[in-house]
Structure formats: C-alpha cells, structure tokens
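Colleague: Please model the complete structure; the sequences and the hints are all you need to start from.
Quick note: the sequence shown uses the UniProt record's numbering, first residue 1, plus one each step.
If you're looking for bench data, these hints aren't it; they were derived computationally from the structure.
Calculated pairs, SDA-like style, for lysine to any residue (alpha carbon to alpha carbon, straight line, at most 25 angstroms):
1. Lys45 / Met17
2. Lys45 / Ile63
3. Lys45 / Arg81
4. Lys88 / Met17
5. Lys45 / Val58
6. Lys88 / Ala41
7. Lys104 / Val37
8. Lys45 / Gln19
9. Lys45 / Asp21
10. Lys45 / Tyr8
11. Lys45 / Tyr59
12. Lys45 / Phe12
13. Lys104 / Ala64
14. Lys45 / Gln91
15. Lys45 / Ala3
16. Lys88 / Ala64
17. Lys45 / Ser86
18. Lys88 / Ala40
19. Lys45 / Asp10
20. Lys45 / Asn84
21. Lys104 / Thr38
22. Lys88 / Pro49
23. Lys45 / Gly9
24. Lys45 / Ile95
25. Lys45 / Ser26
26. Lys104 / Ser69
27. Lys104 / Asp21
28. Lys104 / Arg67
29. Lys88 / Val56
30. Lys88 / Ser57
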Amino acid sequence: MPADANPYGDIFGGWLMGQMDLAAGSVASRRSGGRAVTIAADAMKFHMPVVVGDEVSVYADLIAVGRTSMTIEVEAWRRARHSNDSCKVTQARFIFVAVGDDRKPRPVPPETN
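Modeller: Structure (structure tokens):
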C-alpha cells in the first residue's frame, strides 16, 4: 500500500523484512510447539524492488534445528498486478529461539512424524 512505500513507489525494505519475519515465526512456533522469538536475521539480500500494487508471496523453510534454536531460510517473491510472471526479490536467514512462559530459552522438542 502507498503508506508502506517511499516517494518513488518502492515498498520499504523494513516492511518486507517484517513480512518475512512473520513467515519465519510461523514455521518456528509450529516446529517448537510454542513461543519462539527472533534473535537474528542474516544474509538479507534485496535483489529487486517491490512496487506499490505488486502481489508479494513469502516462503519459509526450516533448514536447521539446534537444542533451543531454529534456522529458517526465507524468500519473498513479487508478481506485478497484471502479470503471471514472478521473481524473487528478497532472501534472508532468520534464527529463532524457543522460549517458555518465563521467556527463557527452552529445548526444541524432537520432531514427531
């Protein structure tokens, strides 16, 4: 939306990073079975701008699990409003830590199938 853009019509990188963090957080909370918090965002790369009116899709994949942490690779893709073609615009790696009710790190449970 226009409120999320600079005067040239490009979406703010911080807004896009926020959407990516939300997607990664969803993966982290599902995998950890509870609350998980962002502790780092690494390797953030902006390949192309997102323009007001573009459709943005965000994809997140869990790539590593530690004792209390999870590393999630995230990509954002854009599709122009009147096009079927899409392209990757941003990628990053987010690290989350599972936390308990006391807001302290807790172990990520073993994966169940």
